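Residue numbers 1 to 118, in the numbering used here, belong to the letters of the sequence shown in order.
Simulated pairs of lysine-lysine, BS3-like, Cα-Cα distance not exceeding 25 angstroms:
id : residue 1 : residue 2
1  : Lys90     : Lys48
2  : Lys89     : Lys51
3  : Lys51     : Lys90
4  : Lys48     : Lys89
Using C-beta positions, here's what the derived DEER-type ranges look like:
id : residue 1 : residue 2 : range
5  : Ala29     : Lys89     : 24 to 34 angstroms
6  : Thr66     : Trp115    : 15 to 25 angstroms
7  : Asn98     : Phe33     : 35 to 45 angstroms
8  : Trp114    : Glu35     : 56 to 66 angstroms
9  : Asp100    : Ile25     : 42 to 52 angstroms
10 : Leu82     : Ile25     : 46 to 56 angstroms
Hints listed in this document are in silico derivations from the structure and should not be mistaken for laboratory results.
Note that the coordinates shown come from a computational prediction; the quantities given were computed from them, not determined experimentally.
Each residue gets a CB set at the ideal place from its N, CA and C atoms; glycine is no exception.
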Amino acid sequence: MQIKTIVIASLVLLGFNTVKSQNAIKEDAAKLFAENNNLKNITVDSAKAWKTGGVVTLAASQVSLTNWAAGGQSSVSANGLLSLFANYKKGENTWSNNLDLAYGVIRQGENKNWWKND
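Take these sequences, add in the hints, and give me the full structure.
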C-alpha cells in the first residue's frame, strides 16, 4: 500500500511541474513575439544595407633537393590573394561587387630570375 501512495504522490508532483513549465514557455513565447514586433518597426539605414568583407592570404614555400638521384630542381615561391566583396540589399534591390586579385612568383634551380606563376 505504501508503494501505491508513493507512486500516486510522485505522479501528482510531476503533473504540477509540467503545468508550471508550460506556463513559463507561454510567457517566453509572448515576450519573443513582442520583441519581434518591435524589430519590424526598425527602419533600415542605407549604410546598414551594405555588407562588406574580404580575405587576404600570403603564402611562401621552399623546396630543397640536395643529392637527389631522381632529378628535379630546388625552388622558392611566394603567392598572394586578395578577395573582397561589397553587397547591397534593401527591399527588392540588390547589388553584388566582388574583387579577386592573385599573384605568385617562383624561382627554380640555378636561374636567378623570378617567374610569374599565378
